[in-house]
Amino acid sequence: MASHSESIIREPLITGKDITYAKITNDVLRPVENMPGKAWWIGFTVASLGACLWVFAVSYTFWYGIGSWGLNKTVGWAWDITGFVWWVGIGHAGTLISAILLLFRQNWRNSINRSAEAMTIFAVICAATYVVSHMGRPWMAYWPLPLPNQFGSLWVNFNSPLVWDVFAISTYFSVSLVFWYTGLLPDLATIRDRATGIRRKIYSVLSFGWTGSVKTWQRFETVCLILAGISTPLVLSVHTIVSMDFATSLEPGWHTTIFPPYFVAGAIFSGFAMVQTLLLVTRKVLGLENYITMFHIEAMNKIILLTGSIVGVAYLTEFFIAYYSGGEYEQYTFLNRFIGPYWWAGCMMYGCNVLMTQLMWFKKIRTNIPASWVLSIVVNIGMWFERFVIIVVSLHRDYLTSSWAMFYPTWVDVSIFIGSIGLFFTMFLLFIRVLPSIAMAEVKLILKSSSEQAKKKLIEHGHLDGEQVEFYKESLTKFDSVEIADYQKA
Amino acid sequence: MSSTKYILGLFEDPDEMMHGIDTLQKNSVPIYDVYTPMPIHGIEKKLGIKDSRLGYAAFMFGCLGGTTIFSMAYYMLVQDWPMNIGGKPAFAIPDFVPITFEWTVLFTAFGMVATFFYATHLFPGRTPRVMDYRATDDRFVIAIDAKGNIPHDDITNLLKQAGAVEVKHNDRKYVSYE
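Protein chains in written order, with the numbering used here: chain A, 54 to 543; chain B, 13 to 190.
Among these hints, one or two may not hold up.
Unchecked claim - Derived lysine-lysine pairs resembling DSBU-like cross-links, with alpha carbons at most 30 angstroms apart:
id, chain 1, residue 1, chain 2, residue 2
1, A, K501, B, K172
2, A, K254, B, K172
3, A, K510, B, K17
4, A, K268, B, K17
5, A, K76, B, K185
The set of hints was computed from the structure by calculation and includes no laboratory data.
Since the model is a prediction, treat every value here as computed from it, not as a measurement.
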């Protein structure tokens, strides 16, 4: 029930005084119902310039073919698949937050799930653009689908991990979209009922006629729970299958049984870093500090630390197995990451992903907003280099010494990558203007149980263990949105 | 004869609304429906709403999806055009696991959500049947069919006693129509 009050030692999930249901609606819908500010316009201009660059570079690729990229005979797969895996990985955090944390009843997900899921969808769109553009002949993009055709019918090969990948990514994208949109319906109805004129008409169509009757809510919750239940194995399967694109080959550096769990951990790692990058800015610009609190930031940093360490263990395991296998090609591939011409890429990978995230052990860093933001960017860079090292560095020195080569990206490679970031931010910035960036209904759900004001009322009532109250007050000191002075008086 | 069609009790607190439901039920006033800005747990028991059966639908759709793609893979790679890949068997069951899993999830998600939309009459462009505009914002609304439930003043008093901040006597069922 809504009135259930939780233990005082749990940190509040909503801070601030006089938060009412109406205030939540007003705060969350402020960017949707008002004209954008200067910061948004600057961000949007930069991002859409990036998106234009992307359109140009991809069009150039389609016109002149894959030859416009820096690929050569030895390195036949480079920035395209690196970008693809990087984006798909980033997408994973959204599903983790919306599905896995729902199954574990982690209420703090309620205020970040909407934007994280939106981020998932945009990241998967960015990844999908790589799939299409790396085909070179995008008008044949339907070939990996099992459709009857004029060749016999010659069917797709279901034994191939690349075909699995087509199924995995398309399922992941569409199921995430359905999950996200279903969750949006109540909030779209809120916008509709406050809007007038043409806006009301648009949101009326979008909200599917949602009214919030008892039966709708009851079924809605069932649907969300089951979607979370099936999305959890789905998200794990997606990056498992992505990793099998590599792991089922015989290439040293790729042919590794540890790849599936290693890729999944890395995906969650990079995804949370991207959520952190976006939300630290969003909460400030949109003034959502009371809903996305220091607790959320610290919790995400803890997940980054955990998954970063899992990735670190996977790296060590890889090195050990390469040594222990006794295979000289395998051993050389891993040694080459440090002593080869791409030593700097290896250093970026291991340094950014493993060494830098260990800083998160310190609470001072975990709860410091600029430091968290910088570290989240460091993780994003490190994870890009991880994929670059796995793909390009493993390929560039193959079995035949005479065919060893370096990979030099052309301006098209670079433009597609930078452009895809622009595309991502364009979509995200549009999202925060037209849709509520926080799931209002879900935040309202925890207002009476987990907000700072509810806990303060409990303290004022007395009847609580003094030691626990002190512990609680101590935990509040890290929050940037709590007036500590109020507690010293009490 | 009063022109009131529906009596709405507007609460600002979900617990007071629950109290309102109890009060009305104690006085044998039937409740038409309750509109809330967020899911309120325990309310469906009070109003006697049965557990959702969407889980069964989801399971059936999942079975359908898994069977569909597995049969497709069997037909395509074993029946219609078996390929010799290093002399390995054409019916490579482990290789069919990923796609079978993906389509199980795909069919479950789409089938269940479509059933949900169908059963609750949600579809793009459906005219919203709103009784009070604040029910999606910050009001917890209990709706009572005015027909037959008289005297209306008694119901008003009951709602007010239970903590309703406002009681409306609406002449139209839905306020959202033009």
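**OP:** For the pair supplied as a hint, A/K510 and B/K17, confirm whether the alpha-carbon distance does not exceed 30 angstroms.
**Re:** Not OK: A/K510 and B/K17 at ~41 angstroms, beyond 30 angstroms, violated.
Original post:
Holds or violated: A/K76 with B/K185, Cα cutoff 30 angstroms?
Top reply: holds (28 angstroms)
**OP:** For the pair we were handed, A/K501 and B/K172, check the Cα-Cα distance against 30 angstroms.
**Re:** Distance of about 22 angstroms is within 30 angstroms: holds.
**OP:** Compare the distance between the alpha carbons of A/K268 and B/K17 with 30 angstroms, and conclude whether the hinted pair is satisfied.
**Re:** Holds - the C-alpha atoms of B/K17 and A/K268 are around 22 angstroms apart, at most 30 angstroms.
Subject >> Pair hint A/K254 and B/K172, alpha-carbon separation not exceeding 30 angstroms >> reply: The hint is violated at about 34 angstroms.
The earlier numbered hints that this structure contradicts are 2 and 3.
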